[in-house]
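Enquirer: Let the hints inform the model, and build the full structure from the sequences given.
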Amino acid sequence: MQTEIVLEDCPHCGGDAKFAGLADWPYLSNIVFCPSCLVKGPQAPNYHLAALMWNKRVEAEPVAGDAVAKACPYCAEEVVVEGNNGRGNEPGHEGTLYFTACSSCLGRGPHVPDKDMTVEAWNRRVDG
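Residues 6 to 133 in our numbering are what the sequence shown spells out, letter by letter.
Hints were generated in silico from the structure; no laboratory data involved.
Positions of the beta carbon are idealized from the N, C-alpha and C atoms, including for glycine.
Check before you lean on any hint, since a few could be wrong.
Here are the simulated DSBU-like cross-link-like pairs (lysine-lysine), alpha carbons at most 35 Å apart as the crow flies [to be verified]:
id, residue 1, residue 2
1, K75, K61
2, K75, K120
3, K23, K45
4, K23, K75
5, K61, K120
Label pairs and their in silico Cβ distance ranges [to be verified]:
id, residue 1, residue 2, range
6, S34, D14, 19 to 27 Å
7, P78, T8, 28 to 36 Å
8, R130, W30, 22 to 30 Å
Expert: This is how it looks when you write it as structure tokens:
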């Protein structure tokens with residue numbers, strides 16, 4: 006007996022979430038995504054886990070008011086990480102560019118040349 010999987014609406018736009026098919030996500034992992042705004046949930050080895058992770062994300066609480074980096078505007082995840090794109094040879098992008106990203110949905114903040122400015126750039130994007 007199979008149980009029906011119920012997906013919560015998109016936390017970003019309120020749209021109907023769905024499981025991604027091969028045309029939407031041509032990788033070996035499974036995800037839930039919103040066709041309206043294209044926000045993707047965490048990757049999972051099967052649809053049941055993907056649905057569980059999507060629904061858990063929807064219920065996430067906003068980041069604490071005194072946090073350095075603001076919560077992700079797409080999934081409300083509180084944990085953000087620093088990264089770099091390693092593209093030092095693109096015209097206009099000499100040297101490595103840095104960014105802050107959501108550790109859950111991988112939403113990225115703006116790329117900036119100064120590593121110390123990544124959180125500030127992230128917060129500006131969140132504030133919109």
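Enquirer: Hints first: check each against the structure and report whether it holds.
Expert: The hints, checked one at a time:
1. K75 to K61: Holds - the C-alpha atoms of K61 and K75 are around 19 Å apart, at most 35 Å.
2. K75 to K120: Satisfied, since the Cα-Cα distance of roughly 17 Å is no more than 35 Å.
3. K23 to K45: 10 Å, holds
4. K23 to K75: At roughly 27 Å apart (the allowed maximum being 35 Å), K75 and K23 satisfy the hint.
5. K61 to K120: Roughly 31 Å separates the two Cα atoms, so the pair holds.
6. S34 to D14: 19 to 27 Å: 22 Å, holds
7. P78 to T8: 28 to 36 Å: At 32 Å between Cβs, range holds.
8. R130 to W30: 22 to 30 Å: Holds - the Cβ-Cβ distance for R130 and W30, about 24 Å, lies within 22 to 30 Å.
Figure legend: structure checked against the earlier numbered hints; every hint is met.
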